[in-house]
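J.: Next come the chains, spelled out residue by residue.
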Amino acid sequence: MIDKDSAYSDARYHYQRGSSISLVNGVVAGKTSWVSEGYLVRSFNNGLLTVFSSNEPKVDRLIIKSKSWEAGFKPVTPVNKNVIVPQAKPMSDVSIEEKVKMLQEIDSLVRSEKLNSKLIRFNISLLEFIERRAFHNSEGTFSYIERPGLWLRYSMVLENNGETISMWSDELGALGGLELLDKWNIHAELMEKVRSLDNILINGKSPPTGKMDVVVSSLIAGIIAHESTGHPFEADRVLGREAAQAGKSYLGYLAAGKFASEAVNVSDDPTIPGSLGFYLIDDEGVEARKKRLIVNGRVNELLQSRFTAYKMSAEPNGSMRSMDYQSEPLIRMSNTFFEPSNMKLDELIRDVRSGIFLKSYMEWNIDDIRWGQRYVGLEAYEIRNGEVGNPVKYPVLESSTGEIYSSIDAVDDDLRFYAGMCGKGEPSQAVPVWMGGPNMRIRNIRVKKLGE
Amino acid sequence: MESNQLVSILGSIQAEEKAVVMEVKDNLMIKVVDSSIALLQRWRTVDGQVYVGSNGKMAIIGFSGNPPSNIDKEANASLTPSPYFFRLPRNETEIKKDASDPNIISNIKNPSQLIDDILNMMTEKTSGVVMLESNERRVATSGGFIGIEKLTTFTAHFRVFRGDYTGHWATTGSRLNINDVRNTVKKADEYASITDEVEIDEGKHRVILSPMVFSNLLQLVGRMASAMSVETGSSIFTKVKPGDKIFSPLFTLHDKPLSDLKPIFFDDEGNTTRDKAIIENGVFRTLLFNTALADRHKSKSTGNAGWVFPAPWNLETAPGDASEDDLLDGDGVLFTNNWYTRLQNSMEGIFSTVGRDAILLIRNGRIAGRSKKRLRLAGRLSDMLRNIQALSKTLYPIKWWEVEVPTRAPFVDISSFTVTKSQ
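For the protein sequence lines, the chains are A and B, in the order given.
Residue numbering for the first sequence is 1 to 452, as defined by my numbering.
Residue numbering for the second sequence is 453 to 875, as defined by my numbering.
Next comes chain A alone, as it looks inside the complex (with noise of 0.2 Å):
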């Protein structure tokens, strides 16, 4: 399928087969489940990049002179990788019944939690997957990688005199079998977050607003990185491929290269075995490897294709990859975090006298250069004198990434990461990956009330 006339081209077979089964507030709502398969030819020929997706191995070629955007790819020495990630209990060793009965024990197990509030709905939903990817390219790599996994998505919301408190959760998700159910420990984990929903609806004051010190946790961390360095980070956003859908890069305006405070690493690794972002080879045949973005506060890498590569003499480095068959392999991130040090959580809130432990969140946006960003505390809490106390309800961090960042002075050493999907391109593709960070302090930063 490779076209041989092309300066280069590449083809990928692309499988994916996945089912879901779900609980609709304690109600089972059936089992979906889908397979997709086909196969993707890329192009670049007289200095134009197409594609085409079929479901059958065909070639539809588009001769077309026009003016291009692409200038040309950096050539890579061809490699050979098969890569199968392991299942320690396979999927299949469980039958349906089982899960169902699974998900329906989880539920009865978070309805009968006595709460000052009522838990109006619940929903849960165990989602497994497989994805298998052949690739063969012009300059003879061929690759092979098969990703099972498994994902653990749940929503719930409770009330209290007309007032309610909602949550969703995809945070639960990685490579690897059954045996991830007992890893992440989903009972402990749901009663926890069941508990601490009621109690910031029943005791959650209003916060406390202006300037002061803000500890964020590792899921919050992991949502900075995503957005504020991997996407901007992204050399396709940088030079502006994406700029009428997920936009440009902060990186595109800055007069300096120094941002950030000297408390700032953050990486980007596919590598990380049983992450979500996991791959060795891209999906244009560059062999992965961890990036680091920003090394002490100053940008150090971007993630780059062969053909921004090109356009900005630098070198590819493994980080393309597709959502499925009729997806172009774009630029995308794996598993986004920020570096941990060997502080500990205890050390960073000791010395704030007022300020806010932000724990988790549910509204966040950020603008379409990556700098000015928001995040909306759904579990958060008062820090008085070096002492986490009580909860407040929903405070705002609305900030921009230089301000954000330089104003990072400590992390600790509790590396965490958690499982989301990232969106881009056009059409638009949500690939899984990994975000995460260590807790973090960011001193004397604006906090808003909802409403503000």
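Incorrect hints may appear among the rest.
[What the hints assert, rightly or not] Chain A side only, calculated, beta carbon under 8 Å to chain B, not exhaustive:
(1) F52
(2) N55
(3) F73
(4) N123
(5) A243
(6) D368
(7) D409
[What the hints assert, rightly or not] Restricting the straight-line Cα-Cα distance to at most 16 Å, the calculated cross-link-like pairs of lysine to aspartate or glutamate (EDC-like) are:
(8) B:K825 x A:E139
(9) A:K67 x B:D486
(10) B:K509 x A:E403
(11) A:K65 x B:D568
(12) A:K449 x B:E654
(13) B:K602 x B:D553
(14) B:K824 x B:D653
(15) A:K311 x B:D486
(16) B:K845 x B:E776
(17) A:K393 x B:E800
(18) B:K691 x A:E159
(19) B:K691 x A:D60
(20) B:K477 x A:E403
(21) A:K118 x A:E159
(22) A:K65 x B:D569
(23) B:K477 x B:D499
(24) A:K393 x A:D198
Calculated from the structure, these hints are not laboratory results.
No residue lacks a Cβ here, since even glycine has one placed at the ideal position from N, Cα and C.
Got chain A; can you put chain B on it based on the hints?
T.: Relative to chain A, chain B alone:
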């Protein structure tokens, strides 16, 4: 031929209730970056889904590619007892519709002229996409229904750069009209060409939303109107009954499957689709139902299946009586485009969204300039829809990256809403 394939798939499944939906697509995307071609992508694909129900048990199997050869075995092995099990409507009908545009089909086959036309209408620095879709949608059910419809759509959106200043606009329809594409570039350029910068303070403002922004927020309303969103607790309509006055009397929102944006003649259960008001003059009229959810809510299907998640086909706001100039009278802030709409509490509709491209300060009926900073709209969706005080006469067809369901929307005048910014 096509109906034979559907009947053959249905026949291969041993179950009392069964349905199959297939979409056979030929699509083309022309991606433009900096007024040059960054990518030409063409697709030839088959996607489908099969519903199987038996004795209160159900399963759904999706496929992209050929239907799985062992679909009967797989379906029966996946059957799970569920209150969302439903019986297909008894409807011994065969429908064939052709709403396709030959011009779109021929441009998918040979896009050379279209590419030249697009490049010729670009300003110096324009990025965007023209997407052409040709889709043969097929539905067959054990209720005796067989439907085949041929439809086409085109979507175009462009972002024009004048230095660091940008404007963005979109259009869509079921027939390709090159003038619509040209006008999209022109509108984006009009906003990009406003280069005076002003400061806009945080706080409550009178805000005017362009059809781009309003269409994006109507996606939330459309999704929340699904009866499944009420089941999962992710809808502002959870505690609302038909007949309740909840929004401004000026606001009417229809689901219009028969709209020329993307005409859909039958849903995934073989029900004939019909246009309906979700909100009429500020009064809530109906959720969107499939058969299973209609039964659970003691109602009737609205022809919006989706077997699990009923959804709107095309959204359309009723027009107002204001001209666009009328809406710019007085003082306010005009948001011309937005993205990244996210909810803090979906049952209460507490959200924020980020303005992008031109955010314009209106003073004494004139555009005083564009905001130096990107601003947000933040608050309750219901407050925003309650505060509608005028809508434009002209509606614009919108579909783009942030608007998935084709939507016809006006410029909207909101008397007061909170604007925030990152420092």
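J.: Next step is simple, just say for each hint if it's right about the structure.
T.: For each hint, the structure was consulted:
no., hint, result
1, F52, "holds (5 Å)"
2, N55, "holds (4 Å)"
3, F73, "violated (14 Å)"
4, N123, "holds (5 Å)"
5, A243, "holds (4 Å)"
6, D368, "holds (5 Å)"
7, D409, "violated (18 Å)"
8, B:K825 x A:E139, "violated (46 Å)"
9, A:K67 x B:D486, "holds (10 Å)"
10, B:K509 x A:E403, "violated (55 Å)"
11, A:K65 x B:D568, "holds (10 Å)"
12, A:K449 x B:E654, "holds (13 Å)"
13, B:K602 x B:D553, "holds (9 Å)"
14, B:K824 x B:D653, "holds (11 Å)"
15, A:K311 x B:D486, "holds (14 Å)"
16, B:K845 x B:E776, "holds (8 Å)"
17, A:K393 x B:E800, "holds (15 Å)"
18, B:K691 x A:E159, "holds (12 Å)"
19, B:K691 x A:D60, "violated (52 Å)"
20, B:K477 x A:E403, "violated (47 Å)"
21, A:K118 x A:E159, "holds (5 Å)"
22, A:K65 x B:D569, "holds (14 Å)"
23, B:K477 x B:D499, "holds (8 Å)"
24, A:K393 x A:D198, "holds (12 Å)"
When held up to the earlier numbered hints, the structure conflicts with 3, 7, 8, 10, 19, 20 and fits the remainder.
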